[in-house]
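S.K.: Now for the letters of each chain:
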Amino acid sequence: MNRLSRDARFRWTALFLIAGGLALVPWYALQDSFFDFRWLGRLGGKDQAPALLQIASWGKVWLIALPVLLLAVMGLYARPIEPHRAAVGAMRSWGRSVALLGGVGALYVLGQGFAIGPRGYATDWLSALLPPIAGGQFGMGAGALLVAFGFTLVCADGIASMGYFRGDRFVATALLSVTALVVLFVFFPVVRVLWEGLLGQDRALSFAAFWERFSQPKLWALSWACLWGGSGCGVAWNTLWLALLCAAGTTVLGLLLALLVVRTQFPGKRLIRLVTLLPIITPPFVVGIALIMLFGRAGIINELLEWAFGIPPTRWIYGLPGVLLAQLFAFTPVAFLVLIGVVEGVSPTLEEASQSLHANRWQTFRHVTLPLMAPGLANAFLVGFIESIADFGNPILLGGNFGVMSTEIYFAIVGAQLDQGKAGVYSLILLAFALFAFWLQRRATARKNFVTVSGKGDTGLASPLPDGVRRTAFAVGLPWLALTVVLYGMCLFGAFVKIWGRDHTFTIEHFVKAFSIDYGTHGLLFTGAAWHSLGNTLLFSLAAAPLTAIVGILSAFLIARTRFAGQHLFEFLTLLSFAIPGTVIGVAYIFAFNVPPIEITGTGLIIVLCFVFRNLPVGVRGGIAAFAQLDRSLDEASTTLGAGGATTFRRVLMPLLKPAIIGALIYGFVRSMTTVSAIIFLVSGNTELATTYIIGRVINGDYGVAIAYSATLIMIMVLAIVLVQWLVGARRLGRRSAAAPGLGSAVAVGG
Amino acid sequence: MTTTANKGTLEFINVVKDYGTGDPAVKSISFRVEDGQLVTLLGPSGCGKTTTLRMIAGLELPTAGQILLGGRDVTTESAAARNVSLVFQSYALFPHLTVMENVCYGPTVQGMKKPDAIERANAVLKLIGLTGFESRLPSELSGGQQQRVAIARALVLEPAVLLFDEPLSNLDTKLRRHVREEIRELQQRLGITCVYVTHDREEAMAVSDQIIVMEQGRIAEQGTPGALFFSPATAFVADFLSEANVLDIERIEAPDVPSGQCRVRLADCVFDVEAPVRAEARRLALRPDIFRIDRDVSAAGWVRFPVTISKSAFIGKGVEAEVTLSDGKNLFVFLAGERQPLVAGQAIALVFSPSDARLIV
Chain A
1 MNRLSRDARF RWTALFLIAG GLALVPWYAL QDSFFDFRWL GRLGGKDQAP ALLQIASWGK
61 VWLIALPVLL LAVMGLYARP IEPHRAAVGA MRSWGRSVAL LGGVGALYVL GQGFAIGPRG
121 YATDWLSALL PPIAGGQFGM GAGALLVAFG FTLVCADGIA SMGYFRGDRF VATALLSVTA
181 LVVLFVFFPV VRVLWEGLLG QDRALSFAAF WERFSQPKLW ALSWACLWGG SGCGVAWNTL
241 WLALLCAAGT TVLGLLLALL VVRTQFPGKR LIRLVTLLPI ITPPFVVGIA LIMLFGRAGI
301 INELLEWAFG IPPTRWIYGL PGVLLAQLFA FTPVAFLVLI GVVEGVSPTL EEASQSLHAN
361 RWQTFRHVTL PLMAPGLANA FLVGFIESIA DFGNPILLGG NFGVMSTEIY FAIVGAQLDQ
421 GKAGVYSLIL LAFALFAFWL QRRATARKNF VTVSGKGDTG LASPLPDGVR RTAFAVGLPW
481 LALTVVLYGM CLFGAFVKIW GRDHTFTIEH FVKAFSIDYG THGLLFTGAA WHSLGNTLLF
541 SLAAAPLTAI VGILSAFLIA RTRFAGQHLF EFLTLLSFAI PGTVIGVAYI FAFNVPPIEI
601 TGTGLIIVLC FVFRNLPVGV RGGIAAFAQL DRSLDEASTT LGAGGATTFR RVLMPLLKPA
661 IIGALIYGFV RSMTTVSAII FLVSGNTELA TTYIIGRVIN GDYGVAIAYS ATLIMIMVLA
721 IVLVQWLVGA RRLGRRSAAA PGLGSAVAVG G
Chain B
1 MTTTANKGTL EFINVVKDYG TGDPAVKSIS FRVEDGQLVT LLGPSGCGKT TTLRMIAGLE
61 LPTAGQILLG GRDVTTESAA ARNVSLVFQS YALFPHLTVM ENVCYGPTVQ GMKKPDAIER
121 ANAVLKLIGL TGFESRLPSE LSGGQQQRVA IARALVLEPA VLLFDEPLSN LDTKLRRHVR
181 EEIRELQQRL GITCVYVTHD REEAMAVSDQ IIVMEQGRIA EQGTPGALFF SPATAFVADF
241 LSEANVLDIE RIEAPDVPSG QCRVRLADCV FDVEAPVRAE ARRLALRPDI FRIDRDVSAA
301 GWVRFPVTIS KSAFIGKGVE AEVTLSDGKN LFVFLAGERQ PLVAGQAIAL VFSPSDARLI
361 V
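Sequence lines, in order, name chains A and B.
419 is the number that this note's numbering gives to position 419 of the first sequence; each next residue is one higher, with no gaps.
293 is the number that this note's numbering gives to position 293 of the second sequence; each next residue is one higher, with no gaps.
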């Protein structure tokens, strides 16, 4: 109600979290699930005991600092400062003490976890410096989480009391929490994997070891063969060359398609838009498998050529051409989605101005339209490049002897060698490629970010394309479209025939094999082979989507609506994982979370976290764009009406950000359903996912089940998107039905 | 200065706001707004008036200085906790909430029960003449109606001070006068303290009890509209409030100058004007509307001087002209009631009453 009780409630929550985390909940991670609550009966046990009992009975004396810190915080809270009566600066120094205690508490939880491992002190200098301890500890659990979060709240309270963030506890809490999460689950793993590359056999820092891994000819051998993906070419060059080709190809194709849709009277515009949505909801391998069916040794084209002209089938599809082709089909839609906005954004007025100055169509296109689109083209190129170097499914399926970094990292981990150092160095190189591409794009477009949409009523007709450009757009765009339709048609066909290429009798046996349900003595039995992985995938994706949306929108809020030191660094951290190829993230997660204090490999939690932080950048970007469209005075109005940060966020911003939130939800869900590169290392027998199940079937050559499963996944995602759109759309329409004049804006917002 | 402070008394003491750009947006200003008054912060864009308003609202915290509200120090109090409401320039109505929900927002987020909030909101909506619009969305209201909702939303909290940030700038010209009168009438009826920001001098003079003219982060002058209009002390206020001509003049010391007067020379004319507030004043402010064409009708004591017309235009309610004095100085004059523009190059004589001239710094 009033200010004081709001403060008090916040402080009670923090204290309760810390106290509960110390006294009531198991401090360490449990062997079996936390949520079966079997630990309730065994709270005295060595593994299940809460922190206070661990100190008293199990010799974990180093935890004693935490209850001491809690008492100190309570001491400060018992004597709060009344802002109106206090001396100048008293509030500030009180707040500083609170913030300090909270910060020390949260960091101590983390620090002791890293400092003391299963066999006592983690490093020699620690055991030399500190008093000896008996035994060690394993990964932290629910208790540690609650205590760390509680101390974070205390720290936020202190910072807000010092007057930062206009005294808003919500903003301070959000900033601390998101920063902690991003540092812990993006920055730390990446640093950890790069660190691994610098360690020698004896686990000591060794630059020689790094150089040995780095300078292999397997990576850097350069020959003419690189141009066509022949043997004898280094893997690093392969990756770079493939990425450049893919980026250039997808950018050109995407541009032509965008021009086709925006600037011509092409009748199939809706079809293009529909087709371009497909790859986003397509599991990896689908395009690859379809290409194999079409162009592989036993594929239709080869059979046709052999039958008609006696040309013997070749294996050209396995290698650079096949991978590139698959990537072009998979990633052109992404480029298209980037570029369609760019093409639409070119102001017709400028083109009319050019024509009125007696430039012909080609000159106008060449000297006005194209330069205006340059930043957008650079952006599309960057996206194509990153997608290509991060791609794992296509190279592993179609690569043959043509190795790229992402597959090499995979083999370094799962292969017979299990060479962590190699994986680390390869990840470092891949990350360097990605960041270099980012830097290049930034540099290229730094001074060219034209505002093409001026906000003034921009009328005028887009000038017609030059004939050459128009013809090229049709000549390239139409076959691409046709081939895409054929590829997806092939997939569907493949799902319903016995053995692709040999026995084309209609069957639903693949679906039966994957999704059969029997009726047994205990009721329904999901006997299909795929049920387990499908259930996991749905569960983890559904868990990850809202988390992605929440963290993403909160980050966007902090970036767009608050000011604090280090804001650019914060923004960089939240967007960092976009530039990190999935394989690198996957490797990084095992290295970082395979050992205490955060020991979560093999659990579903690591997969959910991986989903969340990998999809975070898109949520953040969408959120920032959405905030940019909301006038700041709305927040301020809410504030002056007496609402705190949390209330403003919940009652004003959230409802207005609904489209962005829905977008982040759908994106988070769909990407989680279809991702493979990042989680391929993270799944265990218990946590197998749809994509890893499919990859297993593909490796066995069992394309029928793989494709039947993929088709099912696509249907589920389409249904989910339609359902969400319908739910949200219906609510908005309900509002608008009372408001006929507002319909126009509803359409605009709905996009 | 130990005057009593009522609920709505607002005081700024040496308040500074520095965004760290090297040039503070507000440079140590002090002023006092009496309870129940409407005070306008007037000035050109970038003078710090909106920053000052936002500091009253608590949306910006001062870099230095003190803000007192009702005698209590609220300098570091957050906007949410401060008993002040702001009517935004863009209205900032929540587009997803109806009129009623918008007005109830403040009371409910502060913990009032919904039925009580609705009761309060109904009273305010009735006061402001919006009964019957409760279930509309802001997008279904006209600009003037949206403005009223914004005012109702601010008023429902019964704030100690109500703030207006250029409330008329989004309305068309005809509506402006009407809304301006409504705001003034409402303010006087409720006896509520208001601080009003605008860059429009007519608007400022029409609504205010007091005007604070700001210039480059400082207070140039403060006073009633009449005082500032007729007797400005600075060239900036003279120019900003009445577009007065500001001319360098020569002050003549002579024994026969009546007390309370100063003798000055302008071109060939020597005349006495009221002694300035600030002794160092060496410039003369002459409002354009104090001049008449001399047709041998000038009253006794008026100053008469010959000029040459350089430009002239008829603007309906009179004639504007730029004229040159015999010493080469230029004057801008407005001659009310004239029906024909003057011919460029023509030589005429103008008159004005010295009591309309002001010595300023």
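Keep in mind that the hints were calculated from the coordinates and are not lab data.
If you're wondering where the values come from, they're calculated on a predicted model, not measured in any experiment.
Careful, some of the hints might be misleading.
[As the list claims (entries may be wrong)] With the Cβ distance kept under 10 Å, some of the chain B side facing chain A (calculated, not the full set):
id	residue
1	L86
2	L93
3	P95
4	V156
5	P159
6	T324
7	L325
8	G328
9	F332
[Stated by the list, open to error] List of simulated lysine to aspartate or glutamate pairs, DMTMM-like, C-alpha gap at most 25 Å:
id	chain 1	residue 1	chain 2	residue 2
10	B	K114	A	D7
11	B	K7	A	E636
12	B	K27	A	D7
13	B	K7	A	E82
14	A	K658	B	D116
15	B	K114	A	E82
16	A	K658	B	E166
Ideal Cβ placement from N, Cα and C applies to all residues, glycine included.
S.K.: Tell me the hint numbers this structure goes against, listed in increasing order.
M.R.: 6, 7, 8, 9, 12, 14, 15 and 16
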